[in-house]
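Q: Please work from the sequences and hints to get the whole structure.
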Amino acid sequence: MSKSLASNFSVKTAQSLLIGLLGFNVSVHAKAPATPLASFEENEAKVVITVEYDQKHQATLVAQFTPLQKGYHLYSKDLPRKGIEGIGRPTLIELAANSPIKARGVLTDSAPTLKEVIPEAKDPLLIYPNGPVTLRLPITLPAAASGKLTDNVLVSYMTCSPQGQCTAPVTAKAVPITLTHLAAH
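For the sequence shown, the positions run -30 to -1, 1 to 155 when mature numbering (1 follows the signal peptide of the UniProt record, and there is no 0) is used.
In short, the hints are calculated from the structure, not lab data. It cannot be assumed that every hint is accurate.
Unchecked claim - Straight-line C-alpha distance at most 16 Å; calculated EDC-like pairs for lysine to aspartate or glutamate:
#1 85 to 48
#2 143 to 121
#3 52 to 93
#4 143 to 14
A: Printed below as a string of C-alpha cells:
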C-alpha cells in the first residue's frame, strides 16, 4: 500500500470512527437515506422527514412528499399560502418562530416547477410533476445544547389530479421530531 493511500485510508477510517462514536447520523446524497425522524400518511400523501449532516456536521432537514394516488401532483413551495384564488396550497416544511432550531438557508426542492393553467384561476398554478418531491431546509441546531433535541416541524401540502380532484390541504401540521446532536465546541 502506498504511503499516500495508507495516509488517506487512516484519515478516512479515523473520521468514520469519530463520527460513529460521537453519535452523528451522517448522510450524504450519494449514500443510503437517513433513518426517518418522522413519517405519516394523511390526505393521500406520505411524508417522510429525515436529517442529513454534511462533512462539517451542518444539518439539513429533509422531507419527501409522495402522493399515494397515481397521477396526483403536489403544489410548488412557491405557490402563495392561500393558493391562487383559493386553489392549491404550497408544499412546505417550516420551523415555528419559537423553535430552538433555526433555518440557515432557503428551502429548496428536488423537482422543477410547472405552470398549470386552469379556467377557474386568472394566474397559472405552480405545481410539481406527478410523483414524489423532496424539500431540503438547511438548519442550525442550538450551540449550547447537546444530546436529544425534540421539536416540531410544520408540514403543509395538497395533492390534486389533472382532472381537478383534490384532497383537503394539510396546513402547518406540527410533526414531532427528535434529533441527536452534540454542542459545538
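Q: Honestly, which of those hints from before does the structure not fit?
A: none
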